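Produce the entire structure from the sequences given, and follow the hints as far as they go.
Numbering (the working numbering), first residue to last: -15 to 78.
What the hints contain is simulated information worked out from the structure, not anything from laboratory work.
Each hint should be verified, as a subset may be incorrect.
[Stated by the list, open to error] The calculated label-pair distances, taken between Cβ atoms and stated as ranges, are: (1) Lys76 <-> Gln24: 24 to 30 Å; (2) Glu78 <-> Met5: 28 to 34 Å; (3) Thr58 <-> Gly22: 49 to 55 Å; (4) Lys76 <-> Asp50: 31 to 37 Å; (5) Arg66 <-> Ala(-9): 47 to 53 Å; (6) Pro55 <-> Glu25: 25 to 31 Å; (7) Ala(-9) <-> Asp50: 34 to 40 Å; (8) Lys75 <-> Arg36: 29 to 35 Å; (9) Ala(-9) <-> Asp71: 27 to 33 Å.
This structure is a prediction, so every number in the text was calculated from the model and none was measured.
The beta-carbon is built from N, C-alpha and C at its ideal position, and this holds for glycine as well.
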Amino acid sequence: MSVVEPAAKPVATAVARNWTMEMVGFWVCWHIYGGFEGLQENLGMHKSTVWRKVAKFRRTFGAHPDEFVFPGITIDHESFWRAAVADADRKKGE
-15 MSVVEPAAKP VATAVARNWT MEMVGFWVCW HIYGGFEGLQ ENLGMHKSTV WRKVAKFRRT
45 FGAHPDEFVF PGITIDHESF WRAAVADADR KKGE
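Quick look at the structure:
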């Protein structure tokens, strides 16, 4: 064990956890909003931001978001968008 490991390990663990959570969220948004173009058009993400996140995703999970599958996680687009529209309508009426 190195001298710095006791101090560095908790920091590295926290950074890795945050990085992973960010990439899981990116993967979900990638699929819900329709990939590269959807993120640009629907979320207003700049193309260089999307490319940086795709590269970060590849470094984290070893595959492109279109190719990667999280075992046990499926996205029901129809249910998501139906609920999103219903929530937006409800908020309009408040």
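Results for each hint:
no.: 1; hint: Lys76 <-> Gln24: 24 to 30 Å; verdict: holds, 26 Å
no.: 2; hint: Glu78 <-> Met5: 28 to 34 Å; verdict: holds, 30 Å
no.: 3; hint: Thr58 <-> Gly22: 49 to 55 Å; verdict: violated, 18 Å
no.: 4; hint: Lys76 <-> Asp50: 31 to 37 Å; verdict: holds, 34 Å
no.: 5; hint: Arg66 <-> Ala(-9): 47 to 53 Å; verdict: holds, 49 Å
no.: 6; hint: Pro55 <-> Glu25: 25 to 31 Å; verdict: holds, 30 Å
no.: 7; hint: Ala(-9) <-> Asp50: 34 to 40 Å; verdict: holds, 39 Å
no.: 8; hint: Lys75 <-> Arg36: 29 to 35 Å; verdict: holds, 32 Å
no.: 9; hint: Ala(-9) <-> Asp71: 27 to 33 Å; verdict: violated, 44 Å
Hints 3, 9 from the list above are not met by this structure, while the remaining hints are.
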